[in-house]
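Sequences listed follow chains A and B, in order. Here the first sequence is numbered in our numbering, starting from 1 and rising by one per residue. Here the second sequence is numbered in our numbering, starting from 1 and rising by one per residue.
It is worth saying that the hints were derived from the structure and are not from the lab. Be aware that one or more of the hints could be misleading.
[To be verified] Non-contacting residues of chain B with respect to chain A, defined by C-beta distances greater than 12 Å in every case (computed):
(1) His18
(2) Glu54
(3) Ser65
(4) Phe69
(5) Pro70
(6) Gly84
(7) Leu90
[Stated by the list, open to error] Derived pair list, reagent style SDA-like, types lysine to any residue, alpha-carbon separation capped at 20 Å:
(8) A:Lys54 - B:Glu102
(9) A:Lys54 - A:His36
(10) B:Lys30 - B:Ser100
(11) B:Lys30 - A:Asn45
(12) B:Lys13 - B:Leu83
(13) A:Lys54 - B:Ser100
(14) B:Lys13 - B:Arg110
(15) A:Lys54 - B:Tyr101
(16) A:Lys54 - B:Arg110
(17) B:Lys13 - B:Asn77
(18) B:Lys30 - A:Tyr48
(19) B:Lys30 - B:Gln6
(20) B:Lys13 - B:Val38
Just so we're clear, the structure is a prediction, and the values are computed from it rather than from any experiment. The beta carbon of each residue, even a glycine, is placed where N, CA and C say it ideally should be.
Spelled out from the first residue to the last, the chains are:
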Amino acid sequence: GIQVEQSPPDLILQEGANSTLRCNFSDSVNNLQWFHQNPWGQLINLFYIPSGTKQNGRLSATTVATERYSLLYISSSQTTDSGVYFCAVATDGSSNTGKLIFGQGTTLQVKP
Amino acid sequence: DAGVTQSPTHLIKTRGQHVTLRCSPISGHKSVSWYQQVLGQGPQFIFQYYEKEERGRGNFPDRFSARQFPNYSSELNVNALLLGDSALYLCASSRRSGESYEQYFGPGTRLTVT
Numbered sequence: 001g002i003q004v005e006q007s008p009p010d011l012i013l014q015e016g017a018n019s020t021l022r023c024n025f026s027d028s029v030n031n032l033q034w035f036h037q038n039p040w041g042q043l044i045n046l047f048y049i050p051s052g053t054k055q056n057g058r059l060s061a062t063t064v065a066t067e068r069y070s071l072l073y074i075s076s077s078q079t080t081d082s083g084v085y086f087c088a089v090a091t092d093g094s095s096n097t098g099k100l101i102f103g104q105g106t107t108l109q110v111k112p
Numbered sequence: 001d002a003g004v005t006q007s008p009t010h011l012i013k014t015r016g017q018h019v020t021l022r023c024s025p026i027s028g029h030k031s032v033s034w035y036q037q038v039l040g041q042g043p044q045f046i047f048q049y050y051e052k053e054e055r056g057r058g059n060f061p062d063r064f065s066a067r068q069f070p071n072y073s074s075e076l077n078v079n080a081l082l083l084g085d086s087a088l089y090l091c092a093s094s095r096r097s098g099e100s101y102e103q104y105f106g107p108g109t110r111l112t113v114t
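The shape of chain A in the complex, shown without the other chains (with noise of 0.2 Å):
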């Protein structure tokens, strides 16, 4: 099956800094999904970007699928975007399910 990694494992930065996060993935894929799980398990969408370029506020994302990885873009990093990010794609084949295979995560920790 498909194999989703993510790097790096671990990040910790300075309030203010930015940083960017990355998605390889083994074969092509119809979805990927950007999530952000706060301390209390909630996964929280961030980007849904099979292809293209997304913005929303100081996080942006970027998807090549030609060339398999996705790169979400985090700017001026405040102590709230700490969390573990996930990159979560689907290839469905024939089942159609849509389900999401997701990556190991980064843990991000942002310092005051």
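Since the structure of chain A is already known, use the hints to place chain B on it.
Same frame as chain A, now just chain B:
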């Protein structure tokens, strides 16, 4: 609009017992998926239901079952609980089944098996 809701928030069970977890999707969403997240890992797909029919199943034993009701809410049942079933159980909803539809997650049910 309310997001995906799940109940209960936390649950403690003993080995061998069974458990029922509940999920209500976002209004207008007809597809519900269940995921299991053990500590330190990404969520793993368990089931997807669409229009009350099972559309997909992950690599989980038959002790895990689910169903979807006419109002599109869903239940996940786990029988003969094992210590290894301790995890965060997440429910996600989407408008329809299929990879073209964004999935939205509930807050999860944290299950502890002792």
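Verification of the supplied hints:
1. Remark: the non-interface label on B:His18 is consistent with the geometry, its nearest Cβ contact in chain A lying 23 Å away (cut-off 12 Å).
2. For B:Glu54, the condition that its CB be more than 12 Å from all CB atoms of chain A is violated, with the nearest at approximately 10 Å.
3. With 12 Å as the threshold on Cβ separation, the claim that B:Ser65 sits away from chain A holds: the shortest Cβ distance comes to roughly 17 Å.
4. Once the 12 Å rule is applied to beta carbons, B:Phe69 is consistent with being away from chain A; the minimum gap is 19 Å.
5. No Cβ of chain A comes within 12 Å of the Cβ of B:Pro70; the nearest lies about 21 Å off, and the non-interface call holds.
6. Every Cβ of chain A is farther than 12 Å from the Cβ of B:Gly84; the closest lies at roughly 18 Å, confirming the non-interface assignment.
7. With a minimum CB-CB distance of about 7 Å to chain A, B:Leu90 fails to clear the 12 Å threshold, and the non-interface call is violated.
8. For the hint pairing A:Lys54 with B:Glu102, the CA-to-CA distance comes to about 15 Å; that is within 20 Å, so the pair holds.
9. About 16 Å separates the Cα atoms of A:Lys54 and A:His36, which keeps this hinted pair within 20 Å; it holds.
10. Taking the CA atoms of B:Lys30 and B:Ser100, the gap is about 14 Å. The hint holds against a cut of 20 Å.
11. Restraint check: the Cα-Cα separation between B:Lys30 and A:Asn45 comes to about 19 Å, which is no more than 20 Å; the hinted pair holds.
12. Distance check on the hinted pair: B:Lys13 and B:Leu83 sit about 10 Å apart at the alpha-carbon level, within 20 Å; holds.
13. For the proposed pair A:Lys54 and B:Ser100, the alpha carbon gap of about 17 Å is at most 20 Å, so the pair holds.
14. A C-alpha spacing of about 11 Å is found between B:Lys13 and B:Arg110, which places the hinted pair at or below 20 Å, so the restraint holds.
15. The straight-line distance between the Cα atoms of A:Lys54 and B:Tyr101 is roughly 17 Å, inside the 20 Å bound, and the hint therefore holds.
16. For the proposed pair A:Lys54 and B:Arg110, the alpha carbon gap of about 33 Å is over 20 Å, so the pair is violated.
17. Taken as a hint, the B:Lys13 and B:Asn77 pair is honoured in the structure, with Cα atoms around 13 Å apart against an allowance of 20 Å.
18. Between B:Lys30 and A:Tyr48 the alpha-carbon distance is near 19 Å, which keeps this suggested pair within the 20 Å criterion.
19. Simply put, B:Lys30 and B:Gln6 have alpha-carbon atoms about 16 Å apart, close enough for the 20 Å limit, and the pair holds.
20. Between B:Lys13 and B:Val38 the CA atoms are separated by roughly 16 Å; this keeps the pair inside 20 Å, and the hint holds.
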